[in-house]
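Chains as they are written, first to last, in our numbering: chain L, 511 to 761; chain W, 0 to 270.
Read the hints as simulated data drawn from the structure, not as lab findings.
The model shown is predicted, which means the values in this text are computed figures rather than measured ones.
Treat the hints with care, since some could be wrong.
Now the in silico label distances, taken between C-beta atoms and shown as ranges [stated by the list, open to error]:
id : chain 1 : residue 1 : chain 2 : residue 2 : range
1  : L       : Tyr525    : W       : Gln8      : 55 to 61 Å
2  : W       : Phe59     : L       : Ser679    : 54 to 60 Å
3  : W       : Ser268    : L       : Asp690    : 38 to 44 Å
4  : W       : Ser96     : L       : Asp533    : 32 to 38 Å
5  : L       : Asn524    : W       : Leu266    : 50 to 56 Å
6  : L       : Ile627    : W       : Thr239    : 49 to 55 Å
7  : W       : Asp88     : L       : Tyr525    : 55 to 61 Å
Here a beta-carbon is modelled for each residue, glycine too, at the ideal position from N, C-alpha and C.
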Amino acid sequence: MKDKIIKVNSLSVNYNKTKALIDVNLDVLEQEYLGIIGPNGGGKTTLIKAILGLVKISSGKIEILGEAPGKTGKAVGYVPQVVELNKSFPINVLDVVLAAMLESKLRPFKSYRKEEITKAEELLEKVNIHKLRNRQINELSGGEFQKMLIARALAVDPKILVLDEPTASIDAKSKEQVYDLLHVLNKKLTIILVTHDLLAISEHVSTIACINQRLTYHGNEGLNQEVINTLYGYPVDLLVHGVSHRKLKEH
Amino acid sequence: MIRAILQYQFLQNAFFAIILASVVCGVIGVVIVEKKLVMMSGGIAHTSFGGVGLGYLLGFEPIIGALLFSILAALGIGYIKRNGGVASDLIIGLFWSLGMALGVIFINIMPGYPPMISSYLFGNVLTVTRADLRLIALFTGVVIIAFSMLFNYWKAYLFDQEFTTILGVNTTFLEYFLFILIAISVVVLIRAVGIILVIALFTAPTATASLFTKGLRNRMILAVITSVIYCLVGLWLSYTINAPSGPLIVIVASIAYLILFMSKRMLNSRA
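This is chain W alone, in the form it adopts within the complex:
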């Protein structure tokens, strides 16, 4: 496959998209898991499908629609969670299916042939274009810079939000900022694994990394590396057996995590 990567532009694009997506899911994935935002991220991802549909209907780039909808979902869920006093999983559930429903309706009422939406739902990293790649690189850059710029603040906020608030730090800002970063990350990952499978890429590499690392920074770095490996193996399988890449990446990631988890358990119980 290495020769093929050197030879074919689409494989090169896929390769770089995977690296970028892995950087994002390693960093944000750790945050999502530790802050128990997995379901919220799922909600944001699914809501973004409404934006994909709107993009097709009004004739603009669907990924921009996805970005718009996921940011709105992130802010909406965040706001209601903070001020509404409603259980947040209820709100997440509503956004989740509302976004999907809107997407289906928008695509249904658009004139002409319906587009191939499965690459948004299940991802197809092999169809990533140069333009997509530039956008993904931009988003990844935003997430990484935002995160490293305020690293110690994030660490304090993630461990103990109340204490950080008492220090006078604007944790409301940090919270909304985090939700927006999650929304941006979701959009980056949609091209790689698709809306429905995003959660696996947020959680499996992070969970794997948590088996072997202690500190926050190391965990993020290992999660990035793990994600690259899972994605490349998935991509290689996809190339070899000619099946969609998104589902294969998710299957590889999940099975690898389960095997590592079990073997670590067995080693520990023997020791």
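So that you can see chain L by itself, here it is in the shape it has in the complex:
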């Protein structure tokens, strides 16, 4: 039996008077590969931001490795949505990854140590963009940008990797590379993946959580049409291409 690495107990989050999440209960086990899906504005991002300690919890409780959100130090690596970032900011790839090495306590005249630079370079090697290390981020393609963010998230040596729409704006080939990378990382890490990509969900992840204000489904049975329809409130096509993909449950 694997340990529960994240415990979410009757979590509610309100933004002013809007209820973003209502009474969500969710446990994530060690080395789980959890896919979170749901309609836009359904609270997917809010859920992971609550886990990361970035939004205020209105009621309920979250524990990550026994700690409250925001108190977990570097146990969680985060890959935000690309659209939330300023892609024209004057910074190069290596510096983005190095930022993950900053100590939480402000250290005047902090400069990066040699081993920190080596580590950042190794991570860029791992995600296959080492040769781009001195490029400005506005010169990167969508896929390269995403890989850089994954390298940065890994630089904190996390136990849990949280990704918000990592394949939203990248081409099919990079998408495949990102999923392959996550598959390898999952051998050591717990992964939480928020996505619109229903196909990816059925193909790559081990468990699925469907969020639309409430947690409407959580399990590893695979997605069926009924679950999807309840989640979105209207019929959504679950397209399955080829034969290599995981079979969706009959219904």
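With the hints as your guide, set chain W onto chain L.
Chain W only, in chain L's frame:
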């Protein structure tokens, strides 16, 4: 003009004030533009006019009043932005005109002849005194030391505030600290170009530098150099045609940026 600078104290003061103001606007300008705080900086600058008025009314140095009001505005706007859930441009707009209104009223009710307030509104670097210069140098020093001391933290915070928060870095502190640095910078620039024209000096050199540089540090350095050039040309024009320096600096900066922007575009489209 070079001989005149060597000869006249007021020109020397103006020259040094311009160098210091350029250092500040190069560094903070890049931050303001990248963090999309241009309007907020405008709001802080205009609010400071209330402090200028209060200084005249109560008989203390108006620039200290400006500093006080701009720091209060920076913290106030920052706080409401963070906790109020109100659109920040609304709050900025309110502070903007409230500060101006207070300034006008304070100056109106003060006894005696009303002072020349246009040098605060439009700047007059040729009237900078030795005492002003010492104050400007102090403020510039604070901004530069604060910025270089935490350079890598600023870089991380400016690029991705949330990620830096998750690392456990106190980004709330960094944010308020940044707002205070902006407030201090505004006060430095008021003497050079005045409250109303501050925004141009925060943006034009930065925008020019962004046409030619990549990294953050280089962009800041080039913005400083550009700002020095714009200001000196503006000052030279002001000296030659005997017109106010603040507006001329702004006109030079804006036109130079537009010309450079257009020519770069044309070169790129031809290549």
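Against the structure, the hints come out as follows:
1. L:Tyr525 to W:Gln8: 55 to 61 Å: Distance hint for tyrosine 525 (chain L), glutamine 8 (chain W) holds at roughly 58 Å.
2. W:Phe59 to L:Ser679: 54 to 60 Å: holds, 55 Å
3. W:Ser268 to L:Asp690: 38 to 44 Å: Given about 40 Å between the Cβ atoms, the range holds.
4. W:Ser96 to L:Asp533: 32 to 38 Å: For aspartate 533 (chain L) against serine 96 (chain W), whose Cβ atoms are near 45 Å apart, the range 32 to 38 Å is violated.
5. L:Asn524 to W:Leu266: 50 to 56 Å: holds, 53 Å
6. L:Ile627 to W:Thr239: 49 to 55 Å: The hint (49 to 55 Å, Cβ to Cβ) holds, given that isoleucine 627 (chain L) and threonine 239 (chain W) are roughly 52 Å apart.
7. W:Asp88 to L:Tyr525: 55 to 61 Å: violated, 19 Å
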